[in-house]
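Q: As a plain string of letters, each chain reads:
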Amino acid sequence: MFVNAQNKELLYGFNGLPQAQLLNPSQEMPYRMHIGFPALSNIHAAFGTTNFALEDLFLPDHIPFRVKIDRLIAKTKNTDYISINQRLELLSFGFAKDEDTYFSGGWYEEFDFISYMPKDMMDLVYYGNNPYPDRIFKASDINFKMELLGVLHFGVSKKINDNFCIGGRFKIYSSVLNVNSTHNEGTFTTIQGSNNIYTHLLSDTNISVKTAGFATDKAPNIGSFLLGGSKGFGVDFGLTWHPLEQWTVTTSLVDLGVIFNKKDVKQYNVTGSYTFTGFDLLYPGTSPNDYWGEMEDQIDARIITEDTATAYTTWRSSKIYSSVAYSFGQRRSGKCNCLVAGSGYMNEVGVQTFNIFRPKRPQYALTAYFKHQFGSFLTAKVAYTYDEYNPANLGLGLSLKLGSVNIYATMDNMLELQDLTKSKAVSVMFGINILLKKRELY
Amino acid sequence: MKNKISLLVLMAVLATSFFSCYRTLDFDQAENTAKPIIDADLAYFTLNSNHLIDPVTSLERITASDTTRVQILDNTDYTDYLIKVDFQFKIKNEFQRKFDVNVRFLDENYVPTYTIPITAIDEATIVSGTISPIYRNHTETLAIPATVTSFKNTRFAVVDVTLQPDTSGIHPISGDSGSFNFQSAVTLYLDLGI
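The listed protein sequences derive, respectively, from chains X and D. Under the numbering used here, the first sequence has 374 at position 374, and the numbering climbs by one with no breaks. Under the numbering used here, the second sequence has 1096 at position 96, and the numbering climbs by one with no breaks.
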């Protein structure tokens, strides 16, 4: 759940789904061609928080709302976060050049948001500094980023021999909107003073909020997602290895990429330090001092606030997948009690790992799964995922093939369907493809 | 046959997943419940005997005053949420004379919005040649809504230090090596749910 937004663990390694190649470019495709239904081939949405569910705040339980907020703030840590991820695939296609080579490409729109809980700022704004003498409130708790972009991609999966398959994908990013406020520095604290009752210290502040795409009156259009936004590029790599028959080992690196935010950029920066101990009255007798004005001048001189139109670079959150799987159970024909040639194995069990590089630190997940093929028309994958924050994420993925039409869907956190108000995360995916000319891979 | 049984089990699981449940939620209870309490320094000073002697006449200055603007209450974005104010004063008197202190808050037309008298601050004593200062801590609370509303109009703060007469005649300020130290802070109580 903690990494639910981007860990598409049910889709990863799902043989026969072309969208799985976006998670591992070396994913083997058992078809000679695929075309995704425009704007319907991959619709994905995920939302997750690490520290609260709707029931924590909105159950009609007669507990005062302030008490609920107090409890929520008390249990919040600065490593908690909210994340939202959404993807809409607009175009998807692929074809086999020969028995060993499969090309694929497409265009999709993606929205990704993550915000860590600014614990210190929450306490300071909600409770003030009075309950916290000597506490150091850190600006580094302010840590969030958001991006809305279009991605054009083209990749290839290449079988080197019967055991190895490698893949790569090149991506062109077109960033439509971007907000980035990470790596902030600075502290605020109130301590017992010597000159006056308190001393208020704002120290080594370096806070920035970078935006791109907002400093304009023009609303984004479809062209913005094509090549009309701030440009960037990225690559995916993948490897599939069969060390033994029935065993598969995979690994992939996805979205190793950078975006050069140059369009409609605006950066807001606050830097500096300032110590406030009140107004030192000098009792000049006849000539009054403008103490307030002097304080304002000092603040202006020591705390620099500026907004600039400076371009900036952002790195995408790269992901690393890996898996080990064992396939078993060849299909037997009901007519002759013999194995059906070229049917492959009906079952697969495996373990997957997932890592994503986020602003504060990498996040991870571990998945165990079982996949079963029902005849030639339905494949189901059941996965149990463990991560730092959710020990019981049970997910289900289904892929149905009716003639050439493939419909698939995945859903995480099935156990929480019993009561969605308790759920801290939701993740669903749906898509429709046309898959043509099934082929044997080995 | 095995496949059919497996398929039936899968259909049962799927059917279950479509009947998700949720308890009724009440979103109307959401409100802004933040009630921050903010401590902030006000004014401080140290007076020595020179501050209490008129440089022209060399006579004792009965009252020394200084004024500062207080713009922070000019910001209606948060002063609308101000519900209570506490003042803290810490005074240390090393003079062998009594003092009164008057803290006056004035609006933009110099009309008083609130006044805090701190009277009869005792004189320090000399013990074995060492000054034994007098400490006075004073707190004041504004909680009555009408008083708080009036206080929100504050734009100036004036601190008057009044030297009480030297009734004994043997403790003139001139030549007194002591000092008068004043420290102050305010605690603002806000209710953002108002």
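Treat the hints as calculated values from the structure; they're not laboratory data. Take these hints with a grain of salt, some might be off.
As the list claims (entries may be wrong) - With a straight-line cut-off of 27 Å between C-alpha atoms, the simulated DSS-like cross-links for lysine-lysine are:
id, chain 1, residue 1, chain 2, residue 2
1, D, K1092, X, K138
2, D, K1152, X, K119
3, X, K437, X, K138
4, D, K1035, D, K1098
5, X, K68, D, K1092
6, X, K68, D, K1152
7, D, K1084, X, K77
8, X, K119, X, K438
9, D, K1035, X, K75
10, X, K77, X, K360
11, X, K159, X, K437
Q: A separate judgement is required for each hint: does it hold in the structure or not?
A: Outcome of the hint check:
1. Restraint check for D:K1092 and X:K138: not satisfied, since their Cα atoms lie roughly 35 Å apart, outside the 27 Å limit.
2. Between D:K1152 and X:K119 the alpha-carbon distance is near 31 Å, which puts this suggested pair outside the 27 Å criterion.
3. The straight-line distance between the Cα atoms of X:K437 and X:K138 is roughly 59 Å, outside the 27 Å bound, and the hint therefore fails.
4. Taken as a hint, the D:K1035 and D:K1098 pair is broken in the structure, with Cα atoms around 40 Å apart against an allowance of 27 Å.
5. For a cut-off of 27 Å, the pair hint linking X:K68 to D:K1092 is broken: about 45 Å separates their Cα positions.
6. For the given pair, X:K68 sits about 31 Å from D:K1152 by alpha-carbon distance, which is inconsistent with the 27 Å threshold.
7. In summary, the hint linking D:K1084 to X:K77 is not supported, as the alpha carbons are separated by about 31 Å, beyond the 27 Å threshold.
8. Restraint check for X:K119 and X:K438: not satisfied, since their Cα atoms lie roughly 54 Å apart, outside the 27 Å limit.
9. For a cut-off of 27 Å, the pair hint linking D:K1035 to X:K75 stands: about 19 Å separates their Cα positions.
10. Distance restraint check for X:K77 and X:K360: the Cα-Cα separation of roughly 13 Å lies within the 27 Å cut-off, and the hinted pair is therefore satisfied.
11. Distance check on the hinted pair: X:K159 and X:K437 sit about 18 Å apart at the alpha-carbon level, within 27 Å; holds.
The earlier numbered hints that this structure contradicts are 1, 2, 3, 4, 5, 6, 7, 8.
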